[in-house]
Amino acid sequence: MSDLRIEGLTITYGGAKALDNLSIEVKTGEFVALLGANGAGKTTTLRATSGLMRPAAGKIFFDGVEITKVPGHKRTALGIGHVPEGRQIFPDHTVEENLQLGTFVRRKHRAETTQSLEDMYGLFPRLKERHKQAAGTLSGGEAQMLAIARALMSRPKILMLDEPSLGLAPQLVLELFKYLKRLHAEQGLTILLVEQQARLALQLAQRAYILERGAVKIEGKSKDLINDPRVAEAYLGTAS
Amino acid sequence: MSLQIWIDGLFAGSVFAIIALSMTIVYQPTRIMNFAQGEGFILGAALGYQLVGVWKWPLIQSLVVLVIAAALMGFIMERMVMLPVQLSGSKFAWIIATLAAAMIFQSAFNIKYVNVTFSYFDLIEKDISIFGAKLSVQKLLVILMMIIVFIANDQFLKRTLWGRSIRAIAHNPDTSTILGIPTKPVIKLAFITGTIVIALVGFLASPVIIVAPAAGLFFTIQGFTAAIIGGVGSPKGAVVGGLMIGILDSVVRSWLGGTWGLFSTFFVLAVILILKPNGFFGKRVEGR
Ligand SMILES: Nc1ncnc2c1ncn2[C@@H]1O[C@H](COP(=O)(O)OP(=O)(O)O)[C@@H](O)[C@H]1O
Ligand SMILES: [Mg+2]
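Chains R and E, in that order, are what the protein sequence lines are. Counting along the first sequence from 1, when you hit position 228 you're at 228 in my numbering, and nothing is skipped either side. Each position in the second sequence, counted from 1, maps to that position plus 1000 in my numbering.
Derived by calculation from the structure, the hints in this document are not laboratory data. Please read these numbers as outputs of a predicted model, since none were measured by experiment. Don't take every hint at face value.
Below 25 Å or equal to it, Euclidean Cα-Cα: the simulated PhoX-like pairs (lysine-lysine) are [unchecked claim]:
| # | chain 1 | residue 1 | chain 2 | residue 2 |
| --- | --- | --- | --- | --- |
| 1 | R | Lys132 | R | Lys27 |
| 2 | E | Lys1158 | R | Lys128 |
| 3 | E | Lys1184 | R | Lys59 |
| 4 | E | Lys1236 | E | Lys1283 |
| 5 | R | Lys108 | E | Lys1184 |
| 6 | E | Lys1188 | R | Lys74 |
| 7 | R | Lys108 | E | Lys1158 |
| 8 | R | Lys27 | R | Lys69 |
| 9 | R | Lys181 | R | Lys128 |
| 10 | R | Lys74 | E | Lys1283 |
| 11 | R | Lys108 | R | Lys132 |
| 12 | E | Lys1112 | E | Lys1056 |
| 13 | R | Lys132 | E | Lys1283 |
| 14 | R | Lys69 | E | Lys1184 |
| 15 | R | Lys108 | E | Lys1188 |
| 16 | R | Lys17 | R | Lys59 |
| 17 | R | Lys132 | E | Lys1112 |
| 18 | E | Lys1188 | R | Lys69 |
| 19 | R | Lys74 | R | Lys27 |
| 20 | R | Lys132 | E | Lys1056 |
| 21 | E | Lys1184 | E | Lys1158 |
| 22 | E | Lys1158 | E | Lys1188 |
| 23 | R | Lys27 | R | Lys223 |
| 24 | E | Lys1091 | E | Lys1184 |
| 25 | R | Lys132 | R | Lys59 |
| 26 | R | Lys217 | R | Lys27 |
Not everything, but these chain R residues come out facing chain E in the computed CB check (under 7 Å) [claimed, not checked]:
| # | residue |
| --- | --- |
| 27 | Ser50 |
| 28 | Leu52 |
| 29 | Gly72 |
| 30 | His73 |
| 31 | Thr76 |
| 32 | Ala77 |
| 33 | Leu78 |
| 34 | Gln88 |
| 35 | Leu101 |
| 36 | Phe104 |
Pairwise CB distance ranges, derived in the manner of DEER restraints [stated by the list, open to error]:
| # | chain 1 | residue 1 | chain 2 | residue 2 | range |
| --- | --- | --- | --- | --- | --- |
| 37 | R | Glu66 | E | Gly1089 | 28 to 36 Å |
| 38 | R | Ala232 | E | Leu1161 | 42 to 50 Å |
| 39 | R | His109 | E | Ser1088 | 53 to 61 Å |
| 40 | E | Leu1003 | R | His109 | 52 to 60 Å |
Beta carbons: idealized from backbone N, C-alpha and C, even for Gly.
The whole structure should be built from the sequences, with the hints applied where relevant.
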């Protein structure tokens, strides 16, 4: 089970509301996209779910249990994986050390984590080739693969990705999305994908929420939204 | 030059190296140079004076109380430093927060121990002779402690997942948190460990070097200097920097007289900052 439910979440920076009574839900096994213009509140939603921000109001449930007050580092062990905006790999650690840091919550199961490392190298062969290199020397695409692999090392039940395509060449974006599709289809991973590239994300995801100024503006099945003129509009809408 | 000068330098250098190591332990997850760190040295000296010197407590009991008191001080210090840093969001909050903590502890020591210098009899009254030079067992203990703290810290950082996590926290606390690393407890533990280490060397060394209650900042600056010369954040750098200024001080003193010791330390610091701005073993610290 990996149901994620956010109810009436409000988050403020100083006085300004970044999220305003936001409610979304991701059911076990779903692939959901979270879309919206710059500043709509997508990153804030993921950060709050990971426990990096304290909400002013609202509740977050995972697996039917309220986690609003659970400290961030404990949510990883519950099964919440997060690939942060801008990848945030550790540049001075080697590729392999980055991956090992991803096993922190499973560190007591040595044999299992060694196996996970092999699995990741199987999934991303280029990381294996570069496993001894400082992660700071990777190209943008490799760094993104590393960020995803690192998050997978904790064996998350749900994987949240924050604009993984940012700064990647179109070719690499397609490759990246192919991986995500495989993770969802073959491993049954629940995915919450934040994207600027709405059209691509809608082709992958089953459902989507479109945020505007910290609240859900439109929600629905991807196949209905993909031709919805309101979606394009939301991206042109003012974000303040 | 007599061997005695080098041995005295090695002892002084070990004291500075341990101070620098304790500052390094705090720096590793936080990237904060704690200007209040030297107050832990004074705590060790004061407790040695009070428990062993005045109250004549047995050594083991005194050490137990010392470790508990130092842990408590580290705990309080973490709050005094990290709370303003977290609340302010300014890049420079740590400077004023750690200096303020230093001043507060210094005042407390001054109130209790006005006009006292912390010296008590040798813990172990025995000298070893090395080719005619004298080394007291107490000084030898300090040198051994330096080696142990260095190896423990260095291996911990390199070989354990916890050690790698500490480097990760320094780079990006939020990303460490989402990987499940308990960043805040690790930072608390670093302050506590660092304070225990420096309090222990204060306890061991104060009978030999005679420490005043207000001298905390002096020891902080010596440790800070050692860390900068060696390369901030690196355990190896802390040891090399500490030994360098300790030995240099001892040698220059014997040549040119006491007042030149400190001058030479800071002269070397200035030269090294020009030639090797990141110290011998330091990495360029990139902004986040
Ligand atoms: N660190 C911050 N300090 C102040 N305001 C912020 C900060 N981060 C985000 N915001 C504001 O919160 C709102 C939502 O931001 P964010 O969640 O990053 O949006 P998105 O990821 O959809 O682009 C925006 O108005 C943004 O300006
Ligand atoms: Mg964002």
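Worksheet item: Hints broken by the structure, by number, lowest first?
Response: Of the numbered hints, 1, 10, 17, 20, 25, 33, 39 do not hold.
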